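Residues 17 to 959, numbered by the working numbering, are exactly what the sequence shown covers, in order.
Hints were generated in silico from the structure; no laboratory data involved. Being a predicted model, the structure only gives us computed values, none of them experimental. Glycine included, every Cβ here is placed at the ideal spot set by N, Cα and C. Wrong hints could be hidden among the right ones.
[Claimed, not checked] With a Cα cut of at most 20 Å, we get these calculated EDC-like pairs of lysine to aspartate or glutamate: (1) Lys179 with Glu264; (2) Lys105 with Asp258; (3) Lys937 with Asp851; (4) Lys937 with Asp804; (5) Lys904 with Asp821; (6) Lys912 with Asp877; (7) Lys844 with Asp908.
[Stated by the list, open to error] Across the chosen pairs, the derived CB separations fall in these ranges: (8) Pro48 with Thr91: 31 to 39 Å; (9) Ala667 with Asp575: 15 to 23 Å; (10) Thr525 with Gly942: 16 to 24 Å; (11) Thr952 with Pro521: 30 to 38 Å; (12) Arg208 with Ala755: 52 to 60 Å; (13) Ala511 with Arg841: 44 to 52 Å; (14) Arg841 with Tyr351: 39 to 47 Å; (15) Pro76 with His831: 28 to 36 Å.
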Amino acid sequence: MLTAGGAMTLEVVRVLTDGDEAGCSLAAGVDPTDGSYWKTSLSISGQVTASRFCLSLWAPAPPWWQVAGWPLLMTVMAVLLFAVLPLWKARRSRVVPLESVDQGGELLALLSELCTATGVAPLPRVVIDPAATSVSAVVFGRTRRPVVCLHGGLLAVRRSDPKRFRAVLLHELAHIANRDITLTYLTVALWRVFLVLVLLPYVLCLGYVMYGVAANGGVPRLSRSAVLAVVMIVLLYLARSDALRSREIYADLAAVRWGADPQGWSITATPPGSAVRRALDAFLEMWRTHPSWGLRQGALADPAPLFRTAVLPLFLIGAVPVLAVPQVLGQVALYRVNFTTNLMMVLVVIPGALVTGVIVVALWRAVVYAVLTGARVPSGAWAGGWLGAGMSAGLVLSGFGSGWAWLPERPPVLLVPVAAGAAFGWWITQCAHLWTSTSRGRTLRPALALCMAAASLAMMSWLTWWMLAGATNLNRDSPSARMVARAVLQWLPSAAPAGDLSRVPGIATVLPQLDNIASTPMCSLAIILLWAVPLLAWARSPGADAPRWAPDGAARPEDPVAPLRKVMQPGLLGGALACVAVVGIQAYIHTGQPVPDARGGLYALRYAALLVLALCLPAAMAAAVASTADRRYRLPGALIAAQTATLLGFAGMTLVVSVDGCITPLNVLSDSCAWRPAWWRPLFPFTFVLNNALVLSALAALITALAATLLRLRRKPADARVTSRADARTRGSRARHVAVSLLCAVAVAATATDGAFRGYLLGFTTNQVTSQRNLVQYWGLPDPPLSDVGRLRQIRAWYRLSGDDLINLAVSYDHQLTVVLRAARAAKDSWDALDRRLRPACTNWGRAAWFETVWFRVPADPLLRADWHQMVTWADTGNRNCSQALDKHDSDALLKALRNLRAAARCAESVNTGIDGILRKGGYRGTTRPAATGRTAICDHSG
């Protein structure tokens, strides 16, 4: 709600400031009729310096306090309203004290008895609302200072229907015991403040904008931001309603547990009608803050539906990060905050923890209830799929990664979050089931906390990858092989020609995806935790006694978990096979070892790719075997085996690479023997291999476990009646648990250190200009075909916003240089005097060399763009040659430099003349500077 409030407030402020952000987008070459996210983003990100300069002039960001202060004001006003609401509800003109109607003290005695029986202390304040005729009551105030308000209609039936009277009182006491009051009324206060301070100004602003469009003869349309605001409000309302409905049902259950008669609520539910009627009732139920009587009675009769994972809350919560994070990014981007991987990692912490907390708690409750009642344990894939569907819906609504079109360029990309969510939910339920089967302590909370921590980090890594690279990279064309080859040579320098790289099949498709995985912070740590949590559970010996966390008589015995060796042995064998494969790769690559200067590029890339395969293929085979160890826990078994094999193979690979050069037949990168740690080698992509090996091995484990489940492979479970084997497992459980814990600790520490160090290095990225240049070299800037109208709009925006000033500035440099040369000729200056006159003029031209950086390239017209680029080139060359010639007293070099600067001026005149013609042809007044004619307006491209 605070995020939505900040975004909607920002929209209001930007409308009131009347900036020209659209003009800056046109000047950058953005086609407003093209819904592609990638082309728009690349046009701006590839010219981010110019974009920020333009926005600072024509659409400056509002003061930070206007954006940050509004959510803060919302919070303060909500707290004040929360404090005032109890006073307003308990005002003397509306309610009277209990003593005024209970002079004999019967009601107070009954209430004291119920509070003692339920453990509610101290005794809450009780008031009476005589004007309320409903047979009900309400509790308000705060959790520690509750006020129970009894309606007059309830007092009227106290003697005629004592069961109902008692049930209503117990229901209100249950709200106090469940600590619902503070949370409920804080939610109510925040919602009301949101309506007044955010929604009302936003609606008025939207009406103002639509009125202006209609007044100018246009057709008002809802913008994407308006639709997104409506959707956010609906999501907030539905989430609020679902939370309030849930607290009512749990209060009913607590009241019945304390002795309330289930028939005390004597309202008769409406009998179910036709299918259309039932669907309509279900739809209307979502919007109610109080559940219907039919739903409440059904929950009292059978509480099982309460422990099933409702898909609506998961769908809503899944949309939150994909909607909220882009809004926050849009707010901070106005203040020149660089969009980096570390920034994204910070922004997804709260949404990731929120999403994870909701689904982990929901699925653990479902699993524990199923185990205690003997029901079928849910798979979690259905619930996780709905969580992912919410993320896909958020992607469509926000346009982040897909553009302003309502469907991405490649609609199948929307299935990726659904599949990831299903796998996520499956892992959670499998871990929950495994921990409930092996835990014998007093509580499951430590296991739940461990699972939630691992799942939270995995969710944060997923969100970082998906929103930073996945949604965009899967939704656009791949870069050219030539550009990827150039990037690889910057990453792994080599004297070998780049043409060898550009001919590698699939390099432009596969390598960018692998590179994105490798650059995701804490990716390897998240995978290790997903492996360690089920491994720690499997290493525990369940024993033969009943678990102490379960209620007496509730736990139903299950077959013992398969021995740990059934999943560790395939992993250990797979690790040994991976080590052998690594040695084989070393020997194979050595046969084609080039000279030292050529050991980067294709040679190093092929080496890294083969090592990833050498680690992943044995891991996949180990996962396939381990997935049959226990049919109840196929995914944890496959994951344990696959990651064990990968880690052992990676440890062997690290050792071999670190001593590279000591065994001649295995030499790959070095020829001399020395200890060179693999993680420090310049031509060895250590993190690239680590992250991709772990991620691909985890995917292999997931696929093999899914295949084994779908094929319904059968394996006879361990015989629970063989007590001697169980006892033997119990006797060795302590040593086994210590060994596994030590292994997990080492793996977590190593990957956490690598992830933290890589994240630390990301904080020292290259400067903005260098990053912009690298992006353009890798992807290029889009140059889509445009209509004549689109071409005119872009060139006019480029010229109007700052292009005219830069052209005039370049021409003024030429005029200044001409004046200086004439004065020097007339005065017959010495060389030192000439230096003093001429050097400032040359230095001014040096500023023109930055015109293509601080301002956009000329859009829509390749000829004008080439002339403008040539002007920048001549200015840079002439300035440097002029300074060098003056330093060396070289008259010939100085004359050549002055010709370079004169050529730069003619290129500027050529651009001005071309723009003048385009503007006049489009019906606009020409350029402010008269168009040049003849040789003056011809740009020389020979340099």
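Against the structure, the hints come out as follows:
1. Lys179 with Glu264: 19 Å, holds
2. Lys105 with Asp258: 24 Å, violated
3. Lys937 with Asp851: 45 Å, violated
4. Lys937 with Asp804: 10 Å, holds
5. Lys904 with Asp821: Distance ~34 Å between lysine 904 and aspartate 821 Cα, so the pair is violated.
6. Lys912 with Asp877: Distance of about 30 Å is beyond 20 Å: violated.
7. Lys844 with Asp908: 17 Å, holds
8. Pro48 with Thr91: 31 to 39 Å: Roughly 37 Å apart at Cβ, these two residues keep to the hinted range, so it holds.
9. Ala667 with Asp575: 15 to 23 Å: 35 Å Cβ-Cβ, so the 15 to 23 Å window is violated.
10. Thr525 with Gly942: 16 to 24 Å: Check failed, 47 Å falls outside 16 to 24 Å.
11. Thr952 with Pro521: 30 to 38 Å: For threonine 952 and proline 521 the Cβ distance comes to about 52 Å; the hint is violated.
12. Arg208 with Ala755: 52 to 60 Å: 57 Å, holds
13. Ala511 with Arg841: 44 to 52 Å: 51 Å, holds
14. Arg841 with Tyr351: 39 to 47 Å: 51 Å, violated
15. Pro76 with His831: 28 to 36 Å: 32 Å, holds
When the structure is compared with the earlier hints, violations turn up for hints 2, 3, 5, 6, 9, 10, 11 and 14 and for no others.
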